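Trainee: For reference, the chains in residue letters:
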Amino acid sequence: DSGVTQTPKHLITATGQRVTLRCSPRSGDLSVYWYQQSLDQGLQFLIQYYNGEERAKGNILERFSAQQFPDLHSELNLSSLELGDSALYFCASSVGSGLEQYFGPGTRLTVT
Amino acid sequence: DQQVKQNSPSLSVQEGRISILNCDYTNSMFDYFLWYKKYPAEGPTFLISISSIKDKNEDGRFTVFLNKSAKHLSLHIVPSQPGDSAVYFCAASEVQGAQKLVFGQGTRLTINP
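Protein chains in written order, with our numbering: chain A, 1 to 112; chain B, 1 to 113.
Treat the hints as calculated values from the structure; they're not laboratory data. For clarity, every value in this text was computed on a predicted model and none was experimentally measured. For each residue, glycine too, the CB sits at the ideal point set by N, CA and C. Among these hints, one or two may not hold up.
[Claimed, not checked] Pairwise CB distance ranges, derived in the manner of DEER restraints: (1) Val95(B) - Lys9(A): 32 to 40 Å; (2) Gln67(A) - Arg17(B): 43 to 51 Å; (3) Asn59(A) - Val95(B): 18 to 26 Å; (4) Asp59(B) - Gln41(A): 23 to 31 Å.
All chains should be modelled from the sequences, with the hints used to inform the complete structure.
Mentor: Put into C-alpha cells, the structure is as follows:
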C-alpha cells in the first residue's frame, strides 16, 4: 500500500459525458501527478500540481482539467468523453518535487 | 518520439537465476532514472533509482546499472523469485526540469519454478 488513494476504482460511462477522478496523496506529500495508461501503452504524464498550483503539463487534452485543493487532494476532470479516453488513470504523489513518485491503485475508465 | 525504450516486451527466467531488464533513453537531459514494478490491477510500485552521477545502485536483490555514454540502464534481480513476476517499467526524469516521469513501455518478467 503506497498510501495514495484513488476513487472510484472503476468507472463506466458513455461518450459525451463528464467524469471526475479523485486522488488523495500520501500524508505530507505536496506534489500530485496524473498519468494515463491506455491499452498496450506505457504511462503518459498528464499534469503535476504542487501545493495547489499547476507545476508542469504534459500531453493533456484541452477536454481534461485538474486541480489540487487546500487539503492537497486532487481531482482530474474529463469532459466530452470519447471512446479513446478509455484507460487507466493513475495518480502519484511525492514529497515536494521529489523524483520518487508513489502511485495509487488507479481508476479504470471505460467509455462506451 | 519515444524517449525511453524497453525493447523486450517479455522475459522468462528460471527461479534462482539472474533477471536482467534493459532500458535505453535518447534524451541527454535525463539525469535521474527509476524502476517500477507493476502487478495487474495495482499501481506501479517504486523499486530502485539512480542518479546520473552514479553508475551503480544496489538495494538487496536489486541492482541498477547506468551507462551514460551509451544512454543505457539495466536492472538486475538476483536471485529471481516467483514473486518477482510482474511488469517492470523504466522511467527517467530531469532533476532540474519538470519532475515528470517519462516511462518506457514495460517488460513483462515471468519467473518459472
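Trainee: State for each hint whether it applies.
Mentor: Okay, the hints, checked on the actual structure:
Between Val95(B) and Lys9(A) the beta carbons are some 34 Å apart, a value that agrees with the proposed interval 32 to 40 Å. Hint check: Gln67(A) to Arg17(B), Cβ distance near 48 Å, so the stated range 43 to 51 Å holds. Checking the proposed 18 to 26 Å range against Asn59(A) and Val95(B) shows it holds: the Cβ atoms sit about 22 Å from each other. As the Cβ distance of Asp59(B) to Gln41(A) is approximately 28 Å, the hint placing it in 23 to 31 Å holds.
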